Amino acid sequence: MNSLIKTLTRKERRRFIQSGGNAADVSRLLEDSNGQPIGHVVQLEYGPLVVGTPLEYFTSDDGGNFVHVHWKGEILNGGEMVIGSPETDPKIVTTLRLLLTEWKRKLEQAP
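First residue of the sequence shown: 1, per this note's numbering; consecutive thereafter.
Take the hints with a grain of salt, since some may be wrong.
What the hints assert, rightly or not - Calculated pairs, DSSO-like style, for lysine-lysine (alpha carbon to alpha carbon, straight line, at most 27 Å):
#1 K11 / K72
#2 K104 / K91
#3 K104 / K11
#4 K106 / K91
#5 K11 / K91
#6 K106 / K11
Calculated from the structure, these hints are not laboratory results. Nothing here was measured: the structure is a model prediction, and the numbers come from that model.
Take these sequences, add in the hints, and give me the full structure.
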């Protein structure tokens with residue numbers, strides 16, 4: 001079952017991350033009305049886990065769990081997010097965690 005986050009969202013601190021042969025666009029997701037962080041979005045662009053269309057995931061617990069997402073409205077910088085099913089494949093979850101960790105590391109190194 002899919003559920004819609006009714007609030008508009010926006011992405012910030014977007015970075016293109018590569019790790020273990022996978023590449024992803026990773027960003028923090030904010031509630032548009034007040035700027036409060038609500039989680040992170042990891043869009044797998046290419047690599048051994050991606051066949052065809054990029055896969056997009058959301059985590060609200062700092063990488064503990066990931067769910068599939070898609071967007072209603074403007075897709076590049078946010079919009080209304082539709083939450084899908086949880087990701088249960090351990091290989092994909094591990095990859096998503098590694099990419100999110102690398103994103104955090106790159107932010108710490110940024111001037």
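So, going through the hints one by one against the coordinates:
1. Our distance criterion of 27 Å between C-alpha atoms is met by K11 and K72, whose separation comes to about 14 Å.
2. A distance of roughly 20 Å separates the Cα atoms of K104 and K91; the hinted pair therefore holds under the 27 Å criterion.
3. A threshold of 27 Å between alpha carbons decides the hint, and for K104 with K11 the separation of about 15 Å falls inside it, so the pair holds.
4. A threshold of 27 Å between alpha carbons decides the hint, and for K106 with K91 the separation of about 23 Å falls inside it, so the pair holds.
5. Restraint check for K11 and K91: satisfied, since their Cα atoms lie roughly 26 Å apart, inside the 27 Å limit.
6. Of the pairs offered as hints, the one joining K106 and K11 holds, with about 17 Å between alpha carbons and a cut-off of 27 Å not exceeded.
In summary, this structure violates none of the numbered hints.
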